[in-house]
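Participant: These protein sequence lines map, in sequence, to chains V and E. Position one of the first sequence corresponds to residue 1 (the numbering used here), numbered consecutively onward. Position one of the second sequence corresponds to residue 1 (the numbering used here), numbered consecutively onward.
Misleading hints may appear alongside valid ones.
[As the list claims (entries may be wrong)] A few chain E residues that face chain V, going by a derived Cβ cut-off under 8 angstroms, partial list only:
#, residue
1, Ala311
2, Leu386
3, Pro393
4, Gly439
5, Ala447
6, Ile458
7, Glu461
[Stated by the list, open to error] Okay, the calculated bits of chain V under chain E, using three or more residues with CB under 8 angstroms as the criterion:
#, segment
8, 117 to 127
9, 134 to 140
[Said to hold, decoys possible] Over the 10 angstroms line for every Cβ pair with chain E, so calculated as not near, a few chain V residues:
#, residue
10, Gly73
11, Pro102
12, Ala103
13, Glu150
14, Ser169
15, His298
16, His364
17, Val376
18, Thr384
19, Ser393
20, Leu394
21, Asp405
Rather than coming from a laboratory, the hints here were simulated on the basis of the structure. Quick caveat: nothing in here was measured; it's all calculated off a predicted structure. All C-beta atoms, glycine included, are put in the ideal place defined by N, C-alpha and C.
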Amino acid sequence: MSAETYDVAIVGGGPAGLSAAIELKRRGVAKVALFERGTEVGGIPRHCGHPPFGMREFGRILTGKAYARRLAGAAVAAGVTILAKYTVVHTGPDGLLTVASPAGIQAIQAARILIATGARETTRAQLLVPGVRPLGVMNTAALQAFVYQEGRIPFRRPVIVGSELVSLSAILTCRSHGILPVAMVETEHEVQARPAFFALPRVLGVPVLAGAQVLAIEGSPRVTSVRLRLADGKETVLDCDGLIFSGRFVPEAALAEASALALDLGTGGPVIDEHGRSSDPSIFAAGNMVHPIETAGHCWDEGRRVARVIAAELANGRDAEPDKTLGRRIIAGARLKYVVPQRLTLEGRGTVPALNIRAIGAAHGRLILSDGSGTVLRTQSVNTAPQKPIRFSLAGLNLAVDSSDLQLRLEPRP
Amino acid sequence: MTAFGDLVDAVIIGAGVVGCAMARRFSLEGASVVVLERAPDILSGASKANSAILHTGFDAPPGSTELQCMQSGYDEYMQIRESFNLPILETGAMVAAWDDSEEGRLPELLDQALLNGVADARLLGRAEVLAREPALGTHVRAALLVPREIIIDPWSAPLAYAMQAKALGARFQFNARLLSARFDGDLWHLETPTGTLTARSVINSAGIQGDSVERMLLGEAQFEIRPRKGQFVVFDKAAARHLRTILLPVPTARTKGVVLTRTIFGNLLVGPTAEEQEERERPDVTRPELDMLIAKAVELVPALAQAQVTAVYAGLRPASEEKHYRVHCLPEKGYFCAGGIRSTGLTAALGIARHVHGLWAQSRTVGGERSAAPPTFLLPNLAEHLPRDWQTPGHDGIVCHCEMVTGREIEAALGSPLPPGDFGGLRRRTRCAMGRCQGFNCLARLASLTEGRLSVPIAPEVDP
Ligand SMILES: Cc1cc2nc3c(=O)[nH]c(=O)nc-3n(C[C@H](O)[C@H](O)[C@H](O)COP(=O)(O)OP(=O)(O)OC[C@H]3O[C@@H](n4cnc5c(N)ncnc54)[C@H](O)[C@@H]3O)c2cc1C
Ligand SMILES: Cc1cc2nc3c(=O)[nH]c(=O)nc-3n(C[C@H](O)[C@H](O)[C@H](O)COP(=O)(O)OP(=O)(O)OC[C@H]3O[C@@H](n4cnc5c(N)ncnc54)[C@H](O)[C@@H]3O)c2cc1C
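Generate the whole structure from the sequences, applying the supplied hints.
Facilitator: Right, here's the structure in full:
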């Protein structure tokens, strides 16, 4: 097999992959290929018939569909080689990819690879939800594909499990298609989205049951009911014809795993430095696969930033050696779910504007970044609802070139 | 060959693996056959939810019908599998001992294996066990190695049996529960929601309802089904690298115990539990048992602490009040029963079919002609270690990305001579939506691709 050659091969045509591709072309990188396993590029927004998308990118609010179309159009206009129905099955080392398409299996050689394969919601199986296994149980994204892409109504009276922001997408999607959610169940005692948003289900008459547990899913061949234990310990049965498991995103990390990149247990995605570089110096990562989950705009911005690093590195041609600096690890302490990036090289190029942090549950107190010897480098107070992204600014931070680990911890307010 | 509605030689009740093998054997031997299945597809009972191990019978009761059927079933599978493109994964199995008392029982297990004709079974010391399986918990003591225990595709195999039967003229009736039956002294008249059938004989392979079908036919049943639930956890494919050999526990009198094994699809499986229950139609999963299985897996292979779960499921073993198979017949009434096929039916099905056909043939004088050159056909390969359709050019794109299922495979399954009746059937024939995302990406697309082609649609409504 003689390998086709590109300067940069991008895996995944969502907002992160598309924006990176466009930016690479803008910066004069000659051969940029974007591999997308779906039938079209656009990523998750492709089946979001609802707003808000595009504020940061286009200065206006669009539906996901319109947004995906615009980004895809911009990529075509920029001269990106878009290869849809191409699944990347393996990457690296040394920029080698294996891709599968209707034309068969092919080897691709690229100077740099960017993996932007996104994230998906946790399934009913992964949550070990008890009961039988009828039709009508799905994630929000699948529901959206049903109604917005395939023009189908999978159920009329579903129960929504989860209360992250994406569960509001679920409610809106339902309501715009004559589907009336019976209730929203959140296993945690507090709802996960910012409380203000939760006026919405209430306004729409969807009861929110916080602190409830799903005891069993019933029905055959379709869902007929769900048995719950409510926060007060009482059991109840809700009649319904479907269940939407929303949120609890996990990275689509199959490729990163198969390619033996170092993975972070906190995010489930690859370990990266502030340039988006993974443990393989010629492979970069961006978008929701490095931090489940941020908005499309955030992923778009990140794709652009990583593209700049790659473009700068390739400015002297395809043979330019990748930077092999490993950088200092940041160890996330108790009560912190993850910190991205997980390594800092702080060499100045495309520096990270802030650390992207998630706490486990709500976070009230102080975040403290210290170095190996315990010297406090920076602190920042936090006061956030569960699931809310925390940005920890690094602007102006001077770090010694040293290999010891950095520590990041959350000191709760007494 | 007989048209539906005419008199047939044998009506087979139930299209589990046993019913499918039965349909094949009877058809091969020239009998006219109708299979009645209450569900929309084959393999809707115990046969959809097992561990997929082809057993040697090393631990089966010596001299039993079960052992004989397992061994002849195993041999026949190996003889015919290539002609249907049915895969095997040659893993071997280790019965691992984790403490003194278990270790003390290995020699008697070896003796039993040798007595059962499993001549290549042998004991391994701790160092040999760990050399073979470095990821095992280091507290392992010793093991009995049974090299010929292997993994198969538990759905393609019975599908091949059913398809060959069908090609030979057998009729499969789905959504066709046996409602009532009358024997007029010569012939059986069987009532189903889709019509009445007349048959010379009835073969009961109704699994979990074997006793109630026998009661319906004969007025009483000589056995009683005692459902025994088995729950499983399927780990993500990334976990499969930690184990090659099937890991069996030292069996107790009641159960073979919790197994840790690869699947032919490239995952790692832990299970089953053994839970007696009254309920026959509700194979539910329950939290404490799933937690227990995961803990067990981690105890056996500590690296699994990081493993992701892909799927959970449960099956109901058609166990009876006694341990052995409930194979019996009433030749004067043309009644034959393969009941209580509890936990080895995947292995034994071809052997059971031969055995029951033997009983049936003995009791009769008339008979059709044995098929000289039975039709065979190659089933699509779903095994992870062998070439899959997506690797062959000319497919129209991948629909299910986790399991790499192409549109061409979905179409082939839907258009096959024995197409799926429901989504479960499509999943079992192609692996679609069986992977880590469980349909996050492909479920809606599949609803459109299967439109009008499943008797139970994935999504009931089209947006008006
Ligand atoms: C239901 C739902 C509603 C949402 N609503 C909003 C909203 O209103 N506003 C908002 O800003 N954000 C919203 N989001 C979040 C937004 O969709 C994501 O932030 C964004 O899509 C992430 O972009 P990405 O490029 O990282 O990944 P994705 O958009 O997930 O794209 C990844 C792409 O990679 C492809 N891919 C994966 N593996 C491979 C491979 N091996 N080979 C080739 N291609 C591959 C996938 O097919 C996919 O197209 C929503 C998300 C969901 C699930
Ligand atoms: C947890 C578990 C693990 C196992 N592991 C293994 C293993 O590793 N290896 C192995 O060899 N075996 C294994 N087995 C055993 C094997 O799966 C069973 O022995 C086998 O599936 C039984 O097949 P069957 O055809 O008798 O029953 P079933 O598959 O239950 O088929 C009976 C069929 O009859 C139909 N039916 C019932 N009543 C009626 C009616 N009135 N009219 C029409 N149709 C009717 C049902 O719908 C059903 O489809 C396992 C079983 C379980 C549950």
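Participant: Determine for every hint whether it applies to the structure shown.
Facilitator: Okay, the hints, checked on the actual structure:
1. Ala311: holds, 5 angstroms
2. Leu386: violated, 15 angstroms
3. Pro393: Hint on proline 393 of chain E: holds, closest Cβ of chain V at ~4 angstroms, below 8 angstroms.
4. Gly439: With Cβ-Cβ at 6 angstroms, under 8 angstroms, it holds.
5. Ala447: holds, 5 angstroms
6. Ile458: For isoleucine 458 of chain E, the interface hint holds, since the closest Cβ of chain V sits about 6 angstroms away, which is under 8 angstroms.
7. Glu461: holds, 4 angstroms
8. 117 to 127: holds (count 6)
9. 134 to 140: holds (count 3)
10. Gly73: The assertion about glycine 73 of chain V holds, with a minimum of 22 angstroms to chain E.
11. Pro102: violated, 6 angstroms
12. Ala103: Answer for alanine 103 of chain V: violated, closest chain E Cβ roughly 6 angstroms.
13. Glu150: With a cut-off of 10 angstroms, glutamate 150 of chain V comes too close to chain E, as the shortest Cβ separation is near 5 angstroms.
14. Ser169: holds, 14 angstroms
15. His298: holds, 21 angstroms
16. His364: Holds, since 31 angstroms exceeds 10 angstroms.
17. Val376: holds, 32 angstroms
18. Thr384: At about 28 angstroms from chain E, threonine 384 of chain V clears the 10 angstroms cut-off, so the statement holds.
19. Ser393: holds, 32 angstroms
20. Leu394: Its Cβ never comes within 10 angstroms of chain E, the nearest being 30 angstroms, so this holds.
21. Asp405: Since the minimum Cβ distance to chain E is about 21 angstroms, aspartate 405 of chain V lies beyond 10 angstroms and the statement holds.
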